[in-house]
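6 protein chains.
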Amino acid sequence: MDKVAIFPGSFDPFTRGHEDIVRRGTAIFDHVIIAIGHNTSKRRYFKIEEMVDKINQLFVGEEQITVITYDELTAELAVKYSAAYLLRGLRNTTDFEYENSIAQVNKTLNSDLETVFLITSPEFASISSSVIREVHRYGGDVSAFLPYAI
Amino acid sequence: MDKVAIFPGSFDPFTRGHEDIVRRGTAIFDHVIIAIGHNTSKRRYFKIEEMVDKINQLFVGEEQITVITYDELTAELAVKYSAAYLLRGLRNTTDFEYENSIAQVNKTLNSDLETVFLITSPEFASISSSVIREVHRYGGDVSAFLPYAI
Amino acid sequence: MDKVAIFPGSFDPFTRGHEDIVRRGTAIFDHVIIAIGHNTSKRRYFKIEEMVDKINQLFVGEEQITVITYDELTAELAVKYSAAYLLRGLRNTTDFEYENSIAQVNKTLNSDLETVFLITSPEFASISSSVIREVHRYGGDVSAFLPYAI
Amino acid sequence: MDKVAIFPGSFDPFTRGHEDIVRRGTAIFDHVIIAIGHNTSKRRYFKIEEMVDKINQLFVGEEQITVITYDELTAELAVKYSAAYLLRGLRNTTDFEYENSIAQVNKTLNSDLETVFLITSPEFASISSSVIREVHRYGGDVSAFLPYAI
Amino acid sequence: MDKVAIFPGSFDPFTRGHEDIVRRGTAIFDHVIIAIGHNTSKRRYFKIEEMVDKINQLFVGEEQITVITYDELTAELAVKYSAAYLLRGLRNTTDFEYENSIAQVNKTLNSDLETVFLITSPEFASISSSVIREVHRYGGDVSAFLPYAI
Amino acid sequence: MDKVAIFPGSFDPFTRGHEDIVRRGTAIFDHVIIAIGHNTSKRRYFKIEEMVDKINQLFVGEEQITVITYDELTAELAVKYSAAYLLRGLRNTTDFEYENSIAQVNKTLNSDLETVFLITSPEFASISSSVIREVHRYGGDVSAFLPYAI
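Chains as they are written, first to last, in numbering that gives the first Met the number 0: chain F, 0 to 149; chain Y, 0 to 149; chain L, 0 to 149; chain A, 0 to 149; chain U, 0 to 149; chain S, 0 to 149.
This is chain F alone, in the form it adopts within the complex (with noise of 0.2 Å):
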């Protein structure tokens, strides 16, 4: 059976470091599916269309990776996607804090979900998508943070 993992995430936007996990996902599973969280109470910086549109042309092309939206819990859109994996990046000590219990919540939800981590490139692991929305908000040149111009 296909090894189907889903990245989620708000991807407000979606930077190099997110493109690295990716990528270094595809040669772990079958297929990565990039979902990109709605969250209708929460106002995004870059538009969800938008992001969706970088993400495709990105990976055009590249089979293995598909990009999707979605308004639930993560732990049942992987039952709707037959995903038994949830892909994460690890970039330092406060995401390991925060990925732990967002890992074990997702776990108590659906027990055949396992979340399976890499750390972010070094090169990477400084990027923030917030820190390049405050950029971005104050002109400055955020072309460094992503694959894609913007």
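Hints listed in this document are in silico derivations from the structure and should not be mistaken for laboratory results. Accuracy of the hints is not assured; some may be wrong.
A pair counts as met if it fits within one copy or between any two copies, since identical chains are not told apart.
To be verified - Listed below are the simulated DSSO-like cross-link pairs for lysine-lysine, each with C-alpha atoms no more than 30 Å apart in a straight line: (1) K46 with K79; (2) K79 with K41; (3) K106 with K79; (4) K79 with K2; (5) K79 with K53; (6) K106 with K2.
With chain F's structure known, arrange chains Y, L, A, U and S on it following the hints.
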């Protein structure tokens, strides 16, 4: 003199992890007061009255445990209840850094006030109120994380 | 050429911990510019004009120290003031992870900009502006945490 | 092609925490090789032959799992066994920092080698081989921490 | 029944940070037993008899405090002294991870044993016995770190 | 007066990460003294004389940089060389906790001594001398981690 400890928090909601700390606290202190911070500027997800009810039912008949709500400095609340101790749970290093800061400030505001820490039992350490709210918002089953039905 | 360092922050409020870093910074750099970020989208608790006044009075007669407000990227502010250094304090590991991320981003935006860190003196390491605001909001005495009367 | 992962360690002794990672690893990889580092310069507490026996008995009949000993670089061992993955468990932030360093070094030595991390299940996260050795040295009962009798 | 806590450690040497925890512990427990681990396989820098003497002199006349040496599992020592509590100081996140592991193991070995943590006061949090030994070895003045002359 | 900083360490071996800190340090200080601790009680893996040679060749012609060996307290060494600063690199949170402790002790021993920290550049942050020794011991290629041939 009775040893009274205050267990302060927003408890939005009160979790099995919180219950773990309260029960273990009653083996150290004569009385543990669960004090739900009622900060009018922050919107709660679970109603404070409902939370008081649930906690009261959970510990019914256990005379060492009381529930109150408060809207003042914890350091002052302690004086009012003749409590010389604050009781806090530590789940991970992120908690540690935050609690360290709060404990020193409380000591500065009230030099007689000692903050006593228990490390949350491993099976509850990944439970956070904010994650529970997120799961509940999406209609997920949070009963595994709460010591009462909701 | 004079070595100019910018000490950026929101300083809401400026604490004894901040003062500690500034004074120690003047032993390393010829000039330290305290730069209060004036982000119009984030509401402050203490007025920025009041904070400028308080800091100016605190360091009156100390020619190595200047206070400014700014509303742009720190990396660009540094160019404007011919500052080759950012000065930052580290209180704990949570600070470290955040500052690491910001420092790398600033280096990417302005490769001539070096971020220099001092570890906050232990007696000030537990002081955080957000906790001070919380205490002040409830009418608590924050004078122990501030190097000026408020 | 089969996905082969090496789970390297000194396993002095192999714990329930290690067993947790191996079993969960078999749901990701086709084959998991438990590789006991045989560093002649470091004295072991539990004999390596005994540990190989115990692990073999534990996983008897499970064809996805193999135990070996080795005395070379993990990055080279991987080549020998056509393993493209290292499997590692993360228990806490201290583990994270160490594993991050090791993973980058292994990537440098063998760019085809990907380190995949699982977070140790909470009930096993506090178990460390060094603490078990300490307890055993004093005649304490370590059976709760080991998946076999000793 | 009296609440007895054991404060275990190697105390090589006993520092002002340790004194801080002991004194604060006497406000929580009826009796605090400073238990110096006497591990024959680890060489000490400061003689254990000298340390017992120094600690005895430090707390002379304070009947809540006792000093002992021991060479067994802490969990068993607690039974012998009818101690239901272990008292431990936390200085930073590295301490936290280690103490978390030890506390869970002690709980497994003796389910009646509760480990209670105090955060070391900031002015003592940077003092570590190993650094003191290093300074003393080079003839440096360690009097600022010790609550007695040596 | 010239600003002199000491960069102390065991440098067993001196890595690209160390080189990164030294070079960036010369943009802050007039002079950086690389001080190799020569602790006779600890056995080195790489000979101290070889390391002095390698570092000298690396920085030949760069007058801001000097290499020395020493066998005394760093706080006293600083006095001897009229150095008012210690320069240290931070790679991660584990480093932070350790360096915090050392910096406070040095300040206590020599109140004029300021420890200045730079965060190691991401591409070098995973390099640790102890891992390099381990790789070298097994005949692995460590050239990617060292700024000189060995």
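With identical chains, the pair K79 and K41 could be close in the same copy or across copies; at 30 Å between alpha carbons, which is it: within, between, both, or neither? within (24 Å within a copy, 36 Å between copies)
Within a copy, between copies, both or neither: where do K106 and K2 come within 30 Å Cα-Cα? For K106 and K2, both the intra-copy (17 Å) and inter-copy (24 Å) Cα distances are at most 30 Å.
First find the shortest C-alpha distance between K79 and K53 inside one copy, then the shortest across copies, and answer within, between, both or neither for a cut-off of 30 Å. within (24 Å within a copy, 34 Å between copies)
At most 30 Å between C-alpha atoms: does K46 with K79 qualify within a copy, between copies, both, or neither? within (25 Å within a copy, 33 Å between copies)
How would you classify K106 and K79 at a CA-CA limit of 30 Å: within, between, both, or neither? within (16 Å within a copy, 35 Å between copies)
Alpha-carbon proximity context of K79 and K2, limit 30 Å: Cα proximity of K79 and K2: in one copy and across copies (14 Å, 26 Å).
In summary, this structure violates none of the numbered hints.
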